[in-house]
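Colleague: The primary structure of each chain is shown beneath.
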Amino acid sequence: MDEVTPPASTATPPPDPAYGPAVGRSLADKEKLRELEGVAADKTARDYQHIVLAYGVLWALFAGYGIFLWRRSARLRADMNDLQRRLDQRAR
Amino acid sequence: MRKILPDLCLLAAMPLLVYSVHRVFLETPIERQMGTAFKIFFFHVPMGWLCMLMAVICGVAAGVQLRRRSAVAGAVALAAAELGFVTGLGVLLTGPIWGSATWGTPWTGDARQVTTALLWLVIAAYLLLRHYGPRSSDRLAAALAIFGAVNVPIIYYAVKLWKTMHPSTGVVASLPPEMWATFWPGLIALALCTLALFGLRTRQLVLADELDAAWVRLDDNL
Amino acid sequence: MRVVRQAVLLLRSELRQELRDFELLLSAGFFTLVLLAMFYLSFASLPVKHSLPAVPAMLWLTIAFVGVLTLTRAFDREREADTLRALLAAPVERLAIYLAKAALCLLVLMLCCLVLVPGLWLMFPGGAAFAEQPGQTALLVLLGCGGYVAVGTLFAAGLATGGGKNTLLFIILYPLTTPILLYALATTRALLDRHPDLPGFLGQMAALDLILFALAALLFETVLVGAGVAHRPRDRPRDRNLSRKPAP
Chain A
1 MDEVTPPAST
11 ATPPPDPAYG
21 PAVGRSLADK
31 EKLRELEGVA
41 ADKTARDYQH
51 IVLAYGVLWA
61 LFAGYGIFLW
71 RRSARLRADM
81 NDLQRRLDQR
91 AR
Chain B
93 MRKILPDLCL
103 LAAMPLLVYS
113 VHRVFLETPI
123 ERQMGTAFKI
133 FFFHVPMGWL
143 CMLMAVICGV
153 AAGVQLRRRS
163 AVAGAVALAA
173 AELGFVTGLG
183 VLLTGPIWGS
193 ATWGTPWTGD
203 ARQVTTALLW
213 LVIAAYLLLR
223 HYGPRSSDRL
233 AAALAIFGAV
243 NVPIIYYAVK
253 LWKTMHPSTG
263 VVASLPPEMW
273 ATFWPGLIAL
283 ALCTLALFGL
293 RTRQLVLADE
303 LDAAWVRLDD
313 NL
Chain C
315 MRVVRQAVLL
325 LRSELRQELR
335 DFELLLSAGF
345 FTLVLLAMFY
355 LSFASLPVKH
365 SLPAVPAMLW
375 LTIAFVGVLT
385 LTRAFDRERE
395 ADTLRALLAA
405 PVERLAIYLA
415 KAALCLLVLM
425 LCCLVLVPGL
435 WLMFPGGAAF
445 AEQPGQTALL
455 VLLGCGGYVA
465 VGTLFAAGLA
475 TGGGKNTLLF
485 IILYPLTTPI
495 LLYALATTRA
505 LLDRHPDLPG
515 FLGQMAALDL
525 ILFALAALLF
535 ETVLVGAGVA
545 HRPRDRPRDR
555 NLSRKPAP
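Protein chains in written order, with this note's numbering: chain A, 1 to 92; chain B, 93 to 314; chain C, 315 to 562.
Honestly, I wouldn't trust all of these hints.
Capping the alpha-carbon separation at 20 Å, the derived lysine to any residue pairs in SDA-like fashion look like this [to be verified]:
1) Lys95/B <-> Met80/A
2) Lys252/B <-> Pro513/C
3) Lys95/B <-> Arg72/A
4) Lys43/A <-> Thr120/B
5) Lys252/B <-> Ala521/C
6) Lys30/A <-> Tyr48/A
7) Lys43/A <-> Trp195/B
8) Lys43/A <-> Leu118/B
9) Lys95/B <-> Ser73/A
10) Lys252/B <-> Pro439/C
11) Lys252/B <-> Asp507/C
12) Lys43/A <-> Pro198/B
13) Lys252/B <-> Val242/B
14) Lys363/C <-> Pro439/C
15) Lys95/B <-> Leu69/A
16) Lys43/A <-> Ser192/B
17) Lys43/A <-> Glu123/B
18) Lys43/A <-> Val242/B
Covered stretches of chain B, as calculated for chain A (at least 3 residues, CB under 8 Å) [unchecked claim]:
19) 134-146
20) 190-200
None of these hints come from the bench; they were simulated from the model. All residues carry an ideal CB built from backbone N, CA and C; glycine is no exception.
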């Protein structure tokens, strides 16, 4: 027997029009798949962290500006009341 | 009508924001090349556009302020600069977060990044000058804003020229239509929010000016 | 023509004042030397490969620093004697004032470059190309300094009339002059690399200079004088606070 037989795992079955190649997952394939899924899940989780961080930064900025506006308007109102008081004083 | 316009904008932005977040996280497919982190695009890019818009508004208002000596234009310019500062900061912070997720590095020195950073510096300088400048600095600040607005395209070309001396990196390619369908509501919502804050701040500045004038009149009459 | 004649007259008087004590030139020249020495101490051991991108940076950083010093000093002189206000009230075209000041600062900066560029060439192997293309180097430095001075004169003058706080010039000038400095940086790099497109880059820089000069000249009068002085309530918050105390 000079003919070299290829290893079983890589052997392609003889082409048979009636039967397609059997699609099944060996234990090794399954483990490989699970590992890849783990990597993908990790990546997604990390990406989501980035997204949440970016979203947080965005809304924090807007909220910060809102607070700034609010405090400014409070100061403005106090100033206006002051002026009103002064005017009332003078009217009396 | 003009009084409640900012409130109307905020009201309209609320459902749009919810819809946009829903679309971004639940309806839009994950981009092949860049993965999930690509979703940062949907609010990073609108912020960039809004920052540019605010810079342009600031420059135009500063021109009107110089030409007509209008205090209202001055208030518009200051409010636009403040919002440009906020949105610019948003772009500059979310950009590197996106970059570190997809490119593996927060800063690539891409022309757009550098242009935005330099524009933001000009806006910051404008705000510093408006707040801490000497008495006649309103007009000087207006000139600064005009120069800043004119500088934007020049900076972009300068950075591109500067980059040709360095290795360059690729940026976002074209988008499929369903991505754009997610992009527009987010853009409109953010734009409405920004414009509402802009309107509120402008009105506040005008009121502060009038209040100061009233105090001065009171003092003069004493 | 009238503007040019007036500008020449003003420049001549500026030069006469400068020749009396050489204050601007000596302080700017000395500062250039100090910066050169500091750069030398920091980067003397840089290998040739790395000194190539470092030389343009050192050149333009020095010009940026020395430029601010020159602009500040040039207008400080006016401020101390309040002569700028007098000049603005005189029957002189405002454009002529701008041109004279800009020309003076440009002249001082160019004289500083006479020390700076040969210094960089002697100290760093990356600067060898400066000596090979002296004409283009001179043009490059002239165009870069010109754009810088065009913007700087406007803002230095604006701050000088405001009274106090001209440290702000550092804050507002650098962000605004980044485009021209960036262009100058890239063009210097092209010159050192013996890039074939160098004339094109120089042409673009000239166009940019023209834009900056035109814009600054256009804004100069408005920024310095405005359209008449109306009352500005924002100027008086301090008075207001004082008067808020209950009247006796």
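Colleague: So, for every hint listed, does it hold in this structure?
Modeller: Do the hints match the structure? See the list:
1. Lys95/B <-> Met80/A: holds, 19 Å
2. Lys252/B <-> Pro513/C: The given pair, whose Cα atoms are some 17 Å apart, holds under the 20 Å limit.
3. Lys95/B <-> Arg72/A: holds, 18 Å
4. Lys43/A <-> Thr120/B: holds, 18 Å
5. Lys252/B <-> Ala521/C: holds, 17 Å
6. Lys30/A <-> Tyr48/A: At roughly 26 Å apart (the allowed maximum being 20 Å), Tyr48/A and Lys30/A break the hint.
7. Lys43/A <-> Trp195/B: Given pair Lys43/A, Trp195/B holds - Cα atoms ~13 Å apart, limit 20 Å.
8. Lys43/A <-> Leu118/B: holds, 18 Å
9. Lys95/B <-> Ser73/A: holds, 15 Å
10. Lys252/B <-> Pro439/C: Given pair Lys252/B, Pro439/C is violated - Cα atoms ~27 Å apart, limit 20 Å.
11. Lys252/B <-> Asp507/C: With Cα atoms ~17 Å apart, Lys252/B and Asp507/C stay inside 20 Å; holds.
12. Lys43/A <-> Pro198/B: holds, 17 Å
13. Lys252/B <-> Val242/B: Since the Cα atoms of Lys252/B and Val242/B sit roughly 17 Å apart, the hinted pair holds (cutoff 20 Å).
14. Lys363/C <-> Pro439/C: Between Lys363/C and Pro439/C the Cα gap is close to 9 Å, so the pair holds against 20 Å.
15. Lys95/B <-> Leu69/A: holds, 16 Å
16. Lys43/A <-> Ser192/B: holds, 13 Å
17. Lys43/A <-> Glu123/B: With a Cα-Cα distance of about 13 Å, the restraint between Lys43/A and Glu123/B holds, given a limit of 20 Å.
18. Lys43/A <-> Val242/B: Status violated; Cα separation ~42 Å.
19. 134-146: holds (count 3)
20. 190-200: That given contact holds, which follows from 3 residues of the region 190-200 of chain B lying within Cβ reach (below 8 Å) of chain A.
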